[in-house]
Amino acid sequence: MEEKQPSLEGWEDFAGEYLKADLIKEFPVTLVPVEIDAAFEDGRARLAIKTEYNGKKWKLELNKTNQNFLRANGITSPKAMIGKKLVFDKIKVRNPTTGGQVDSFLIIKIA
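The sequence shown begins at 11 in the numbering used here and counts up one residue at a time.
Since the hints were made in silico from the structure, they are not lab data. On a predicted model such as this, the values are computed, not experimentally measured, just so you know. Any given hint might turn out to be false.
To be verified - With a straight-line Cα cutoff of 16 Å, these simulated EDC-like cross-link-like pairs (lysine to aspartate or glutamate) come out:
hint	residue 1	residue 2
1	LYS94	GLU62
2	LYS100	GLU36
3	LYS66	GLU27
4	LYS100	ASP32
5	LYS89	GLU45
6	LYS60	ASP47
7	LYS35	ASP113
8	LYS94	GLU45
9	LYS74	GLU51
10	LYS100	ASP113
11	LYS95	GLU62
12	LYS69	ASP32
13	LYS60	GLU71
With the hints as constraints, model all of the structure from the sequences given.
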């Protein structure tokens with residue numbers, strides 16, 4: 011079976027497994043978690059949703075601000091996010107490694 015070639019019309023095929031804000035064409039965007047990925051990294055618990063956007067499967071790591079929003083809005087556990095419509099907007103945040111401003115995701119509502 012022949013493997014599909016990466017598209018040269020955009021950057022999506024070269025982005026890796028994590029969804030980045032610059033790959034989203036229009037905000038706000040609704041994403042539905044189909045699976046939850048959790049792991050300890052450097053002693054910290056990390057939480058990511060697995061979702062689909064533009065026909066491709068992605069991971070999206072949820073920062074503490076987004077986790078707090080979910081808790082405050084009735085999501086009782088990470089696995090309770092599965093199947094929920096999470097509406098995200100794009101915001102600027104400080105990259106802790108470089109100190110520069112980068113685009114990120116902010117959950118603005120659960121639809």
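Broken hints, numbered, in rising order?
-> The structure breaks none of the hints.
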